[in-house]
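Here is what each chain is made of, one letter per residue.
There are 2 protein chains.
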Amino acid sequence: MQSLTIELGSRSYPIFIGEQLLRDGALLTQHLPRGPLLIVTDETVAPLYLDTLLESLEPRTAATLAIPAGEQHKTLQTFGRVIDALVTASIPRDGGLLALGGGVVGDITGFAAATYQRGIAFLQAPTTLLSQVDSAVGGKTGVNHPAGKNLVGAFHQPRAVFCDVATLRTLSDRELRAGLAEVIKYGLIADEAFLRWLETELDRILARDPAALTRAVARSCEIKARIVSHDEREAGERALLNFGHTFGHAIEAATHYSQFLHGEAVALGMWMATEMSARLGWIETAQAQRVRRLLQRAGLPAAATNIGAARAAELMRRDKKVLEGRLRLVLLRGLGAAVVTADYDAKAYQETLVQGFGT
Amino acid sequence: MQSLTIELGSRSYPIFIGEQLLRDGALLTQHLPRGPLLIVTDETVAPLYLDTLLESLEPRTAATLAIPAGEQHKTLQTFGRVIDALVTASIPRDGGLLALGGGVVGDITGFAAATYQRGIAFLQAPTTLLSQVDSAVGGKTGVNHPAGKNLVGAFHQPRAVFCDVATLRTLSDRELRAGLAEVIKYGLIADEAFLRWLETELDRILARDPAALTRAVARSCEIKARIVSHDEREAGERALLNFGHTFGHAIEAATHYSQFLHGEAVALGMWMATEMSARLGWIETAQAQRVRRLLQRAGLPAAATNIGAARAAELMRRDKKVLEGRLRLVLLRGLGAAVVTADYDAKAYQETLVQGFGT
Numbered sequence: 149m150q151s152l153t154i155e156l157g158s159r160s161y162p163i164f165i166g167e168q169l170l171r172d173g174a175l176l177t178q179h180l181p182r183g184p185l186l187i188v189t190d191e192t193v194a195p196l197y198l199d200t201l202l203e204s205l206e207p208r209t210a211a212t213l214a215i216p217a218g219e220q221h222k223t224l225q226t227f228g229r230v231i232d233a234l235v236t237a238s239i240p241r242d243g244g245l246l247a248l249g250g251g252v253v254g255d256i257t258g259f260a261a262a263t264y265q266r267g268i269a270f271l272q273a274p275t276t277l278l279s280q281v282d283s284a285v286g287g288k289t290g291v292n293h294p295a296g297k298n299l300v301g302a303f304h305q306p307r308a309v310f311c312d313v314a315t316l317r318t319l320s321d322r323e324l325r326a327g328l329a330e331v332i333k334y335g336l337i338a339d340e341a342f343l344r345w346l347e348t349e350l351d352r353i354l355a356r357d358p359a360a361l362t363r364a365v366a367r368s369c370e371i372k373a374r375i376v377s378h379d380e381r382e383a384g385e386r387a388l389l390n391f392g393h394t395f396g397h398a399i400e401a402a403t404h405y406s407q408f409l410h411g412e413a414v415a416l417g418m419w420m421a422t423e424m425s426a427r428l429g430w431i432e433t434a435q436a437q438r439v440r441r442l443l444q445r446a447g448l449p450a451a452a453t454n455i456g457a458a459r460a461a462e463l464m465r466r467d468k469k470v471l472e473g474r475l476r477l478v479l480l481r482g483l484g485a486a487v488v489t490a491d492y493d494a495k496a497y498q499e500t501l502v503q504g505f506g507t
Numbered sequence: 149m150q151s152l153t154i155e156l157g158s159r160s161y162p163i164f165i166g167e168q169l170l171r172d173g174a175l176l177t178q179h180l181p182r183g184p185l186l187i188v189t190d191e192t193v194a195p196l197y198l199d200t201l202l203e204s205l206e207p208r209t210a211a212t213l214a215i216p217a218g219e220q221h222k223t224l225q226t227f228g229r230v231i232d233a234l235v236t237a238s239i240p241r242d243g244g245l246l247a248l249g250g251g252v253v254g255d256i257t258g259f260a261a262a263t264y265q266r267g268i269a270f271l272q273a274p275t276t277l278l279s280q281v282d283s284a285v286g287g288k289t290g291v292n293h294p295a296g297k298n299l300v301g302a303f304h305q306p307r308a309v310f311c312d313v314a315t316l317r318t319l320s321d322r323e324l325r326a327g328l329a330e331v332i333k334y335g336l337i338a339d340e341a342f343l344r345w346l347e348t349e350l351d352r353i354l355a356r357d358p359a360a361l362t363r364a365v366a367r368s369c370e371i372k373a374r375i376v377s378h379d380e381r382e383a384g385e386r387a388l389l390n391f392g393h394t395f396g397h398a399i400e401a402a403t404h405y406s407q408f409l410h411g412e413a414v415a416l417g418m419w420m421a422t423e424m425s426a427r428l429g430w431i432e433t434a435q436a437q438r439v440r441r442l443l444q445r446a447g448l449p450a451a452a453t454n455i456g457a458a459r460a461a462e463l464m465r466r467d468k469k470v471l472e473g474r475l476r477l478v479l480l481r482g483l484g485a486a487v488v489t490a491d492y493d494a495k496a497y498q499e500t501l502v503q504g505f506g507t
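Line order of the protein sequences matches chains A and B.
At the far end of the first sequence sits residue 507, using this note's numbering, and the numbering has no gaps.
At the far end of the second sequence sits residue 507, using this note's numbering, and the numbering has no gaps.
Bound conformation, chain A alone:
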């Protein structure tokens, strides 16, 4: 097991990463709030891991709620169901919520923990690679609105996060690979040595070797934790985490969030941001090829989509990262060295759009 601490003053919390943490009753119960607990999971995860978790917590008991699985249920309505369940279980102020599942479960449950009685204790047991390396770190909670993702939410830090890599065995290959896109992102933006390690150990990760997964998740969390600790409210450095996301959001929006998983769209976006960095001469062509090869080996898309450059440019301008008309992008100044900048050659941007999205 590895552990690290997210340093946020009085709201600091530990993340534990390892195999079979959901069976580690001593570890889990040590971090529970004094009062009663409601576990929120979804209908996919419940039959796989809920009983295991409940057994580990014994002799303590917990109320449970399984919400429907899927991003389309990340709504104010489902949030209301979690609040109703808190009321039904009579959870008091010194009680808590534990999210067992992927990002949707974590985000809704976290928002309920942020707002029920104006804030109660929150614990997370993420069960997907994406949620282990992304949504479990940083304190962002919320739900979608038909008009936009995560349009309603709050910052609310968990009390502890338990990343059990054993749960990744039941993840589909496609979901695992989509999560891996975010892992590769951490290497690309901040740690070339980690990127090299990923190139070497990729097959072990894809084979779900627990030790390799533990290291991949732990290093990803460390990098995100370092960035988030410096910039909890997303004023500056945290924007580095959006590497690949501005291009990726355009791809997701143009395909109505149905063709690509988030991680797949991010992989495409990272490829485009890498290509653009090479086009600007900020990295070498050989380095860009290395990135593309890694994404391809990970089974992630790294090729043109036919959205059209004009449509993509319009979608990217609409992205919330546009400030005062200047489109800021996260680009590479080297492998493991990303920058946030609006200071780039417009022609290189245009060429990248045409190459990636067609005319």
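Just so you know, the hints here were simulated from the structure itself, not pulled from any lab data.
Hints are supplied without guarantee of correctness; some may be wrong.
Repeated chains share a single entry, so a pair holds when one copy, or any two copies, can fit it.
To be verified - Once the Cα atoms are required to be at most 20 Å apart in a straight line, the calculated EDC-like pairs of lysine to aspartate or glutamate come out as: (1) Lys297 x Asp242; (2) Lys288 x Asp357; (3) Lys297 x Glu206; (4) Lys288 x Glu203; (5) Lys297 x Glu432; (6) Lys297 x Asp232; (7) Lys288 x Glu206; (8) Lys495 x Glu432; (9) Lys297 x Glu349; (10) Lys288 x Glu385.
Chain B: place on chain A using the hints.
Just chain B now, kept in the frame of chain A:
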């Protein structure tokens, strides 16, 4: 006009109190966010003051939403309507929400401001005496749930509060008197000189003299501000603000929130807490009589209700201020000197319950 600042570090904000502030375009616009604004009001207040406010903001424009009036609409559903209106008006992160109305409008709008895009600017123009002296100060926002009041919410400080005492002219006598209960509370818990001033100037306040109302609101806000600045998250001193509320909540719950306005129940509760303080020998009987006389002159109830002592005791135990089985009460050690304590003679408590609620 008077003004004061709520000192909360980077989240400090000013409160302005005076006559015709809703017509003071220069003051209002100075505190608006850079981006577009949505004004939320209710169907009672809209025809009275919305046009005045919109004219004062010119040449700036604002989107508007009028929600149904009344505590029964302080729900997650109405909150969802505010979010929908923010989306429809395309309010961005640098936009804001302005609440024009009483406590219900302020609490719902504040909760929307706390959570839309994880937090946008919030301004308040409270139009009732209760909201000017209570809910506009302190940063508590939220909505009710069938199982309890303010069960879902967040702490979110406004950017500025504008208490226009001219709006109190359209308040019913009963609403004015209910708000006055909270004003008297501030004198009782923290400022005997203010209490004496209220005794002297009560008739001018009831006649809605603008200067008297300005002073009453300003001093109330000052006292609440001082307490809230010391204890933003309600760990200790802020509990003093609950003077009269633990008895009062029992009265409200037993009468299903239909017989008494909140301020009326608080007045009854303050009378009981004062009686109990005299019974304990902590204040003199003559002082308790002075309090009772002031409440009566203000047209507030200060007499027994027939809930029954046993039922009341049970309701009070359920109150969220019970910690580890000990019922903490706010009692007087003098006029203008309240304390929070669980260290009192149980017999005096029992006798107070019987006197106030019958056997």
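Which hints, by number, does the structure contradict?
-> The structure breaks hints 2, 3, 4, 5, 7 and 9; every other hint is satisfied.
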